[in-house]
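**Q** Sequence:
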Amino acid sequence: MWFLIAALVVVACWLVFYLLPDLIFHHLQVGAFAGSRSEPRFGLTFDDGPGPDTEQIVEQLKAANVQATFFMISERAGSHPELVRRMAGDGHEIALHMRRHVSAFLLWPWQSFREIGRALDDLEALTGQRPRFFRPPWGHVNLGTWLAIRRYHLIPVFWNIAPDDWRADRRPEWISHYVVQLAQPGTVVVLHDAGGPRQRTADALLPMVSGLRSVGLEPGPVGAMTLDRSFLRRAWTWWELRFTRGWDIETIPNSEGGEPYLRIGRIRYQGHPVMLANGQTLTPGAPFGEIHFGNPALSQFSGRASSGLRALHGVMRALVDLANWIEEHPDFRTVEAVGGVTLLDAAHTIEKLGFQRVPVHGWTKWSMWFYLTILMAVYHKDGWKTLKRFRDLRPVMVLMDRENFLGKYAKPASPRKKQR
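No gaps in the numbering here: position 209 of the sequence shown is 208 in numbering that gives the first Met the number 0, and each next residue is one more.
For the record, the hints were derived by calculation from the structure and aren't laboratory data. Where is the CB? At the ideal position from N, CA and C, for every residue including glycine. Hints are not guaranteed to be accurate.
In silico DMTMM-like links for lysine to aspartate or glutamate, alpha-carbon gap of 25 Å or less [what the hints assert, rightly or not]: (1) K351 <-> E217; (2) K61 <-> D163; (3) K407 <-> D330; (4) K61 <-> D89; (5) K410 <-> D163; (6) K351 <-> E326; (7) K351 <-> D320; (8) K61 <-> E81.
Derived DEER-like restraints, expressed as beta-carbon distance ranges [stated by the list, open to error]: (9) L18 <-> E327: 48 to 58 Å; (10) S209 <-> M274: 39 to 49 Å; (11) T333 <-> A234: 34 to 44 Å; (12) M274 <-> W137: 53 to 63 Å.
Full structure from sequences and hints, please.
**A** Here you go:
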């Protein structure tokens, strides 16, 4: 009997001290920082340093004219005081990782509380500024971690994108492509400047920054981003990143600068057979380029008529970029058609761009209506107030065969406008 009671007490303590805090504050990220989706900013962060490769990473960032947030181990920072002070002087944001690189699951709650307090004092003594942002090792949180966050008025920062750059099989080009593919306004990437060889991370930085800027995002420290308090948009970001990676969707850079309007994924066509304008029949299983609207098009199409007109002009320019992109990427040279399902009021206008409209029936129709209605509500300036408007819309598929699409839109894109 006493053994059972003791076991129940142990389980209860484990739930209260470890499991529930980690579930709520790490996995659900209640109270954690989330960047605004309305600004083209991207959080560039590094963990575990400083270390032997930190200086090289800082030099790469300097070459790219970028600052970042460094979540530091205070014991390691104490071994590189001049480097830490120089990083702070160069505009990099010094944040707290921990005093030692140890999981909160391996510490008693009061140990975590004490470690965080001592680490804050150590970093403040080095830089003259007390860190505002905190990310625990591996993101692990126990009750003491949460109490320390409250006591010291810290802002916990986790991540949306983790390329696992610490793995030996992660090549620089893979790291760069992974980050750029998933990057969206307000998202945060976690990279590492210590804890092992980080040459691959350093080599990935310049192409990564270039790629981020090509899709209209400016990387920088977390402190330069605006907080988004909407839990719905946080949840939607979580889903959208997994959707993007799972379906291998690529963002099409905007040749005129700014945020991209279109994205595309290579899939197998799943609809009914359709006779295309070139005389061929698009059959189920055929290679197909599925077009998705990016954030600017969604927010503008779903707003006022004047905004929708601007978005339409943006899409017309983006179709040129898309056609050129398809010609340059071997994986898309075999697609038989391009298109996608839309719920927009402008579906009839899109048809005038050369796309043919195909009705959507059955389960696909209603599942896509539900999905697209939520999507538009998330991005519309009035949010859920727009549901009444969208409930009367019906999904349609717009298609164009590859031959006609490239013939109509593949041409030299406008030179990128110079950034001021």
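**Q** Which numbered hints are broken by the structure, listed smallest first?
**A** The structure conflicts with hints 1, 5, although it agrees with all the remaining ones.
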